[in-house]
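Asker: With the hints as constraints, model all of the structure from the sequences given.
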Amino acid sequence: MSSKSVLEHFTVPDDFQNGNTFKGKCMHCGTLISGSYKVTSNFVTHMKRKHRDLYILHSENKEIQPTLTQCIKKSVKYSPSDPKQLEMTNALIMFIAGDLLPLSIVESEEFKNLMEKADTKYQVPSRKHLSSKLLHEKSVEIKNNLVNTLKRAESVCLTIDLWSSRQMRGFLGITGHFILDWAMKSVMICCKRFKGRHTAESIRSEYEEVVTSFEIGFKIAAIVSDNASNMVKAFSIPGFDDFKVDHESSDEEIDDVDKEIEDDQSDDLQLAVQYLAIPATSAPVERLFSTAGKTFRPERCRLADGTFEKLMMVKCNGKMLK
Numbered sequence: 001m002s003s004k005s006v007l008e009h010f011t012v013p014d015d016f017q018n019g020n021t022f023k024g025k026c027m028h029c030g031t032l033i034s035g036s037y038k039v040t041s042n043f044v045t046h047m048k049r050k051h052r053d054l055y056i057l058h059s060e061n062k063e064i065q066p067t068l069t070q071c072i073k074k075s076v077k078y079s080p081s082d083p084k085q086l087e088m089t090n091a092l093i094m095f096i097a098g099d100l101l102p103l104s105i106v107e108s109e110e111f112k113n114l115m116e117k118a119d120t121k122y123q124v125p126s127r128k129h130l131s132s133k134l135l136h137e138k139s140v141e142i143k144n145n146l147v148n149t150l151k152r153a154e155s156v157c158l159t160i161d162l163w164s165s166r167q168m169r170g171f172l173g174i175t176g177h178f179i180l181d182w183a184m185k186s187v188m189i190c191c192k193r194f195k196g197r198h199t200a201e202s203i204r205s206e207y208e209e210v211v212t213s214f215e216i217g218f219k220i221a222a223i224v225s226d227n228a229s230n231m232v233k234a235f236s237i238p239g240f241d242d243f244k245v246d247h248e249s250s251d252e253e254i255d256d257v258d259k260e261i262e263d264d265q266s267d268d269l270q271l272a273v274q275y276l277a278i279p280a281t282s283a284p285v286e287r288l289f290s291t292a293g294k295t296f297r298p299e300r301c302r303l304a305d306g307t308f309e310k311l312m313m314v315k316c317n318g319k320m321l322k
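When we follow the UniProt record's numbering, the leftmost residue of the sequence shown carries the number 1, and every step to the right adds one.
Mimicking DSS-like on lysine-lysine, the simulated pairs with C-alpha atoms at most 30 Å apart in a straight line are:
| # | residue 1 | residue 2 |
| --- | --- | --- |
| 1 | 195 | 133 |
| 2 | 23 | 38 |
| 3 | 48 | 38 |
| 4 | 50 | 23 |
| 5 | 128 | 195 |
| 6 | 25 | 38 |
| 7 | 143 | 219 |
| 8 | 185 | 219 |
| 9 | 233 | 192 |
Hints listed in this document are in silico derivations from the structure and should not be mistaken for laboratory results.
Answerer: Below you can see the structure in the form of structure tokens.
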């Protein structure tokens, strides 16, 4: 009980002068107690001795009752369009995708408490909002950025492979490799669900759909895959005669390229840009599937295909936006 609040239990004379001593009448027992607004120890002592229950009750209520400032501070949150809200949400998405964490982490009370400690004004998005809107928007942003980057490349080399998860769900993986600004670049083109039989025709159809969506069909300089019969057939059928296809035995081809560069110095730059980006094996796409396998942990076996593809786009290509 504060020195001023104790006077709420006493009747104060109307004609007293501020700062002077007066006698206040206790509202509970009628006892007159001497004191002033500056010195209220006599009033507090009386309440403690004669009306202890009221004193304790009043003290507890005062302790738990939040101040107006505390109420305002607690209730005010960032608006959805606030730069700080957007910045923290973007960091949250990159954190979840980057470390392959379950989207349900935003429902964890411990996580919410952590974010409350970090910034009381931040609104943690719901799991539904995160998966249906925020993750979708981020993956679209990253894909558009990737498409624009690929437009600047003179040629692109691909690695391609098929993979099945422990739940026997098939996936098609494609990675892209190119030289831009005199630096080697490697990106994930796609890691998407592949339904049905793994026939050469199905592989070709999915491949054409992907390269068309990324607008790189006319830039493909080489395709590297394993030597599975369906892969060999998929890129040896009519319509792919213009593409160089390597099946993990590219040493001789690389030697031929070296000889060609020596014989025709005028084409040095063009050949370097086109051929030096060719991976020797399909290892890049195999590493992609390793990441996919970590995403499909047993507790996440029901992860929706669309959500998985978006997570992989953010996970593998998110750094391009930094």
